[in-house]
Structures are given as structure tokens and as C-alpha cells.
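S.K.: Residues per chain, in single letters:
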Amino acid sequence: MAGDRGGGSDLEAAFADGPAFVPYLAAGDPDYDSALAYVEALARGGADVIELGLPFSEPIAEGPTIQSAVVRALNAGMTPDRFFAFVEDLDVDVPLVCMTYYNLIYQYGSSEAPSASDSRATEPGGGQGPRPFVKRAAAAGLSGFVVPDLPAEEAEPLREACDEFGVDLVFIVAPTTEGDRLRRNMEHVSGYVYVQARTGVTGARDDVSDQTERSLQRLADYDVPKAVGFGIKTGEHAARIVAGGADGVIVGSALVDIVAEGVENDTPTEEVAARLEAMARELKTGAERGYEQRVPQAGGN
Amino acid sequence: MTQRYADGKFGDYGGQYVPEVLMPAIEELTDAYERYVLGNEDGFMDEFRARLRDFGGRPTPTQYAERLSDRYDREVYLKREDLLHGGAHKLNNALGQVLLAKYMGKERIVAETGAGQHGTATAMAAAHLGMPCEIYMGERDINRQRPNVFRMRLNGSEITPVTTGRGTLKEAISETMRDWATNVEDTHYVIGSIVGPHPFPSMVRDFHSVISTETRRQLREQTGGLPDAVLACAGGGSNTMGMFTDFVDDEDVELYAVEAGGSTLDVDEEAGVAPNSASLSTGEEGVLHGARTKLLQDTDGQIMESHSISSGLDYAGVGPELAHLVDEERVNAVNVDDDSALEAFHRLSQLEGVIPALETAHAFGYLEEHHEELGETIVLNVSGRGDKDLQAAIEETEQRDIEAAPSMAEFSGGI
Ligand SMILES: Cc1ncc(COP(=O)(O)O)c(C=O)c1O
Chain A
1 MAGDRGGGSD
11 LEAAFADGPA
21 FVPYLAAGDP
31 DYDSALAYVE
41 ALARGGADVI
51 ELGLPFSEPI
61 AEGPTIQSAV
71 VRALNAGMTP
81 DRFFAFVEDL
91 DVDVPLVCMT
101 YYNLIYQYGS
111 SEAPSASDSR
121 ATEPGGGQGP
131 RPFVKRAAAA
141 GLSGFVVPDL
151 PAEEAEPLRE
161 ACDEFGVDLV
171 FIVAPTTEGD
181 RLRRNMEHVS
191 GYVYVQARTG
201 VTGARDDVSD
211 QTERSLQRLA
221 DYDVPKAVGF
231 GIKTGEHAAR
241 IVAGGADGVI
251 VGSALVDIVA
261 EGVENDTPTE
271 EVAARLEAMA
281 RELKTGAERG
291 YEQRVPQAGG
301 N
Chain B
1 MTQRYADGKF
11 GDYGGQYVPE
21 VLMPAIEELT
31 DAYERYVLGN
41 EDGFMDEFRA
51 RLRDFGGRPT
61 PTQYAERLSD
71 RYDREVYLKR
81 EDLLHGGAHK
91 LNNALGQVLL
101 AKYMGKERIV
111 AETGAGQHGT
121 ATAMAAAHLG
131 MPCEIYMGER
141 DINRQRPNVF
151 RMRLNGSEIT
161 PVTTGRGTLK
171 EAISETMRDW
181 ATNVEDTHYV
191 IGSIVGPHPF
201 PSMVRDFHSV
211 ISTETRRQLR
221 EQTGGLPDAV
231 LACAGGGSNT
241 MGMFTDFVDD
251 EDVELYAVEA
261 GGSTLDVDEE
271 AGVAPNSASL
281 STGEEGVLHG
291 ARTKLLQDTD
301 GQIMESHSIS
311 SGLDYAGVGP
321 ELAHLVDEER
331 VNAVNVDDDS
341 ALEAFHRLSQ
351 LEGVIPALET
361 AHAFGYLEEH
371 HEELGETIVL
381 NVSGRGDKDL
391 QAAIEETEQR
401 DIEAAPSMAE
411 FSGGI
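Line order of the protein sequences matches chains A and B.
Residues 1 to 301, numbered by the UniProt record's numbering, are exactly what the first sequence covers, in order.
Residues 1 to 415, numbered by the UniProt record's numbering, are exactly what the second sequence covers, in order.
Here chain A stands alone, though its shape is the one from the complex:
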């Protein structure tokens, strides 16, 4: 695997030349080995950053598609430790972001006493807070985190650990994030901002929300890459969103749908991987097309 991951700015760098395509899959869905093949297929298809879901039993920000992926991955035995092994086993050379919920980050290493070299203050509950998880994640080569149930208000301990280990903490900006709140949140952002395209939960949609456009307008003055996610399904969606000013597109459910279909029809792993690669290429090409449409009027990023 690539040894140069785990910087802190490699996420931002992934957005430097042209629009970034950021696919999501749940690690271990439907099983460890297939998921390795699927993630590698996404990289071949043109992924610039990959978001890997570490499945949590209560994924409150996910719609039915990713909820099912989480169930499949958990049933196949995915755990935080296996997740880190998964990251290390992956043969890709794009930055990887861990998408998970705070309880898994918080619990990791909570049962072990801090070693002498980790003589940080322990959390009041007896554990060590998010630090052991972030340390392990950085060692595995992860570049950042997205934690959907962690608003800026509660993010300080994780932020500190991320700074210590040089990992980015990606924040979500929702259609409802405005005014002072937006300004405060933007102070915490590193890597890229995750622009949530619509209110609600994840899931592929047939249309592009006009909430997206308004969000991008609100963010126009901030000099940080803006990746739009939630509901993007086709290359055409990707093109429109990038043409509208996004620096990247995040696509999850539309890819997970391909995995789910493979499970349902017992499709061989290579075939599912080939479909994922083709879908990745469509989305990446769409994003590039959108970028070309945009350049004359907006001048790019």
C-alpha cells in the first residue's frame, strides 16, 4: 500500500487539479474480501478520495440503502480492529477517509489502561476519549474522518486528537447551516467541507436538490474545497453539481446499490467490481464535464 498517506493536507491536495470524485462504501460489505476488491475498483474508476464506512449499529444519518450495507458488514464480522486491517490491506493510492459514528471512536481502547508513553489525561469515564482511535487510524494510513453525529459543539476532543496525529476532520454543512452557525463551523473545517445536498438522510435520488445550489452560494467565499454529497446518482447529477460550483462530488448509496444488487443476485465479485468501476468512471467523467462547463463563467477554484 501507499506509504505516503496520513498527512493532513493530502485531502486538500486531492482537490487541487480538477473536480474530485469521492465515492463511499461500507468496509466489509458484504464481506471483507469482496469489499477490498470493490474499493480497489473505485480507485481504478477514478476516485480521488475514498470514504470508507466503519459500520455502527445505529446509523442515524443513513437511509435504507446504507443501513442495509451496515447490517451486512456487521453480520460479516466487521469491527474497528478489522477495519484498520482492511485499510492496511487495501492496495490503492488515494487518500482514505473514515466515516463512522462517535461511539465507536470514543470506545476504542476504552477498556485498556493508558500505557506509560500515552500519559495523557484519561477521560472521566476511565477511557481515553477519541485519542487511541485516531492514533490507530493514523498508523493505518487514514487521512481524515467524517463523523455524522458529531457537530462542532462536541468535536473538541476529536479535533485535538486529529491535530496531534495530522489527520483531517471533515465537517458537514447542511442546508440548515446558516449565518453565525456557518461561520463558526467553518473555523473547524480541515481537508474539505462535506456539503450536504439536501435535508434528510443518505440515499440515491432521481433529481438534484435546489438546496445544493443555495448551500454552494453560502459557501462561495470560503477558500476550502467543497464536496457535495447526499442523493447523487448519475454522471449527469455530478456534472450539474460541479457546474454549479462544487469542487467535488461524494457518492455513496448509488454505489452501495450496486453492491446490494450483487448480493441479491449472487453475482460474482469480479462482475460487481467491474460495474462499480464503470459507475465510478461515469461519475468522475460527469464531474469533469461539469467542470469544463463551469470554467468559462466562474473561473474554477
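For the record, the hints were derived by calculation from the structure and aren't laboratory data.
One should not assume that every hint holds.
As the list claims (entries may be wrong) - Cβ pair distances, simulated, as ranges: (1) His370(B) with Asp31(A): 47 to 53 Å; (2) Glu107(B) with His188(A): 30 to 36 Å; (3) Arg49(B) with Arg159(A): 40 to 46 Å; (4) Glu107(B) with Glu264(A): 35 to 41 Å.
Since the model is a prediction, treat every value here as computed from it, not as a measurement.
All residues carry an ideal CB built from backbone N, CA and C; glycine is no exception.
Using the hints, position chain B with the ligand against chain A.
M.R.: What follows is chain B with the ligand alone, placed relative to chain A:
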């Protein structure tokens, strides 16, 4: 009005662990809570109290329980929240929140329900105040609590079955949060216990604190003093904190939160199942549904599937304030198992003519097992009545050998 922990942190517990999309709504709610509930702006609390009286039937009595007192040779009192409209304490909170939603200009109510009692109370309050309402309920709970499903429908609410996981309260809360995240602009989420992100735990406690305010006053009128022990069952802990709040500063009054011990306190880590709901007694600190609190979880932090004979206690988490008061040793976290609760269900029905909810029965199971340690004067919160549980209670009774239980066999054919 209580202002304890106005910042939403209860020691290490509490907080606001929710998706960003909900944070603006939570800020708006916090502001409304401070102005209307804590500040009585526009006479909100006056209207709330008047409606609790006229629509809800408050105050509920604190009743001397003669035959239980005889049985245990001490003074036993019952706080009769089962007599509140709807048959459980739940209306205090549901009415408060639906009214608050109106003051905030919201146009739609969503709520989760486990036993169906909170859903029922919310459906009633929504009908009473003319708000459209959608209730999420686990499929398994729909099957265990049919009468409440019909009641909610009769009041005009939509019921949406939740099929993920084991189909109980935990999944219903997750699904209602997803709805709220989708419709956040015009919708208020009436959460059903002292759980969730700030300001819910404080606000729900404040709406229920009338239980302890009345109990304290009524007991003093009847006995001239304070009780030695106050008991309430605890799922999320709303009837519990409602019953405890005004006694917290009375250091000589012992407080007992009685959790569901289920079939056993042992945990099957491999299967991810804790066959109980004793998160205060056995849980570990973690983050679920918006708050840091005590949870039933495995060592990785995956939430366990809980179990209880009573749907309303069947939850892997608990309110952060209650978790804090247990850590501070102000509240005793205790539990009784399914069998003990079912026996107590029959005992209270026969000795006092009060058929309790299976949730409530847990507190009476603890009374039976530990009355000798509870002092001279004991008051228990009868958080709800058992009509919703008849089917489940009869089925569960048939599977056991319960001495005091009457035979139903001759009337078999269902309810
Ligand atoms: C009668 C009754 N008591 C108790 C509970 C448990 O809730 P809490 O612990 O929030 O009081 C319920 C919940 O449905 C209930 O219906």
C-alpha cells in the same frame, strides 16, 4: 421551575451528539425552552398547567395502599399517574412539547413510541391541539401493544412501522430522528423520555416534575413528613426523574430507579444481545441518540439489543441526568427480572384493584423483594395502567407458574 444543569451537561453525561442538519433546530428549541418553559414567556407555563388540569385531569392522587401496607408492615403510598388522561405519566411531556411546538410555529409532530404509551399521549395531545402527527413504532412493539396502536389511529395519527433491527424502541428513535432530519424546517420531534440531545433531557424532566411536586405536597398533607423511600421504574427514565426531581435535595429520602433485569443480567457479547434493559446498573458510558450516557454496548461500542417483558423499558440507553445521579450515588440503580415484574403485576391487581403497566410492575417487584430495606414510609410511582398489556401479560403468565395468577384458560379465544 428547575434550572438544574441548564447547559445540558450532567457531569460527564448529556450533550448534543446529532447530525449538523438538526443543530439549527436544536438551537431554536433550546431558545424556545428557555423562553417559554423556564421563562413562562407569553404565559406558556400557565397555559400548560391549565391544560394539564382540564384536559389531563391533574392533579393525580397520592393514595394510601392499605393492603400493601399490611403485607409489608410499613406505610405504602401510590402516586397514581395511571389516572392521568391516557393512562400513563406520558401526557405531561407530550402535552408540554406539542404545545411548545405550537408556540414555535411548527406545523407537524413526529414521535417514537415503545410501549405505545408515549405515542398515545402524543396522538392525544396532537388531536387536542390540532396538529398533524406521525408516530414511529417498532414492528415487534406493534404486535405486543395492539390496543395502543388503535388508540393512536383513532386520534388521527399516522403510524409508521419500523422494521430495522429488533423492531423496538431503539430503532423507533433512530427512525424518528431520520424523519426529523428530513422535515426539520416545519416539524417538531416530541421525544418520549429524558433522553436525546440537550435540551430534551432537561425539558422533558421539567414537564414531568409536576409528579414529584404534587407527591411531596400530598404526602406532607397526609403524613406530615417526607417518605423514606421513593421508587419508580426506569426505562429512559422520564417517570423516574419526574417522580424524583423535587426529592433530590431531600437527603434523607432514598431514591430507587428500578430497571428491567429482563431474563438475566448476563450478556451474550458474541450475539450482541443483553437480555435485559439495565443500562444504569450494568451499562458503560457511551454516545447514543444525541447524548453521552450509560449504554448497553459491546467492547467495540456497538449498541446491544436489549430485552424486557415490558416494551416501555426495553431500551439500551437511559437519560443522562439519571446516569449522573447514579454516579453521584444520589439515586440507587436497582433491577428486578421479568418474572418478578409479572408476579407484581398480578399482586397489585389483586391486592389494590390497580392493574399496573408491566413497566410500573417492576417497581412493585422491587418492593416485594426489598421492602425491609426501604424504611417506614414508601411511595411508588404508578407510572401507568396495564390495559395495554393484557394480551402480553396473559401470554407471559401462561408460560410460567405464577402462584397468584388467576386462570384465564376457560375464557381462551383472545382479547
Ligand atoms: C407506563 C410506563 N411507565 C414507564 C415507562 C418507561 O419510560 P420512562 O422510563 O421514560 O418513564 C413507559 C414507557 O413507555 C410506560 O409506558
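S.K.: For each hint, tell me whether it holds in the structure or not.
M.R.: Results of checking the hints against the structure:
The supplied range of 47 to 53 Å is met by His370(B) and Asp31(A), whose beta-carbon atoms lie about 49 Å from each other. In this structure, Glu107(B) and His188(A) meet the distance hint of 30 to 36 Å, their C-beta atoms being roughly 33 Å apart. A C-beta distance of roughly 44 Å is found between Arg49(B) and Arg159(A), which places it inside the suggested range of 40 to 46 Å. As the Cβ distance of Glu107(B) to Glu264(A) is approximately 39 Å, the hint placing it in 35 to 41 Å holds.
Checked against the numbered hints listed earlier, the structure breaks none of them; every hint is satisfied.
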